[in-house]
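Residue numbers (UniProt numbering): 1 to 164.
Keep in mind that the hints were calculated from the coordinates and are not lab data.
These figures come from a predicted structure and were not determined experimentally.
A hint or two may mislead.
[Said to hold, decoys possible] Derived EDC-like pairs (lysine to aspartate or glutamate); straight-line CA-CA distance at most 20 Å:
hint, residue 1, residue 2
1, K19, D93
2, K19, D44
3, K30, E144
4, K30, D44
5, K109, E140
6, K109, E120
7, K30, D20
8, K30, E137
9, K30, E147
10, K30, E140
11, K109, E137
12, K30, E145
13, K19, E145
14, K30, E148
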Amino acid sequence: MICYRLRCANDHVFEGWYKDSSTFAMLRQKGLLSCMECGTSAVDQAPMAPAIVGRGRSDAKEVPEAAPQAPPPAGTHSIAAASAPHTPSVVPDALLGALREMRREVEEKCENVGRNFADEALRIHYGEAPERGIYGEMSETQREELEEEGVAFHNIPWVRDTDS
1 MICYRLRCAN DHVFEGWYKD SSTFAMLRQK GLLSCMECGT SAVDQAPMAP
51 AIVGRGRSDA KEVPEAAPQA PPPAGTHSIA AASAPHTPSV VPDALLGALR
101 EMRREVEEKC ENVGRNFADE ALRIHYGEAP ERGIYGEMSE TQREELEEEG
151 VAFHNIPWVR DTDS
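Hey, can you work out the whole structure from these sequences and the hints?
Below you can see the structure in the form of C-alpha cells.
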C-alpha cells in the first residue's frame, strides 16, 4: 500500500491509500477519483514528507515538508480519504471503519448482481425489472453507457471487510 498526500483545486488536503503507484495513476487517468470533501475531481498529489526508517530502528523520522504548491490545473483527477492537515492519524482508521460499515449496509439492503450490474441497472431503469437496490461490477464502457442512458448509480470504494 502507498499513501499519497493530495490537494484538490479548492485547496482541501487529504490522504489517499492505493495498492501501488500504477493503481493511483490508472484511477486518476480514468477520472474515477475525487475529493471527498467538495466532490471535485480536480485533485493532484501534494508535497509530502516521506518517512525514513534508519537501519535497525523501528521509529521513523519525518523529513521537513516541501513548500506548498499552487492548486493543480483543472482536469487532473484523483481520490482519497478526506483528512484535514491538522487531523490526527486516527482519521484514516475512522474512515476505513465508515467504508466497511457502508459496505455492510449495501450488502444487507441490496442485491448483488455481480458482473450483470450494468444490464440489470438498465432493466430497472426501463421498468423491465422490479425497482430495487443492486450492486455489482461494471467495465468502464458499461459505466459510460449507463451515464449516456441517464441511469442513476454511484461508484463506491469497496474495502475489504475484515474482523482485524
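Q) Which numbered hints turn out to be false for this structure? A) 5, 13
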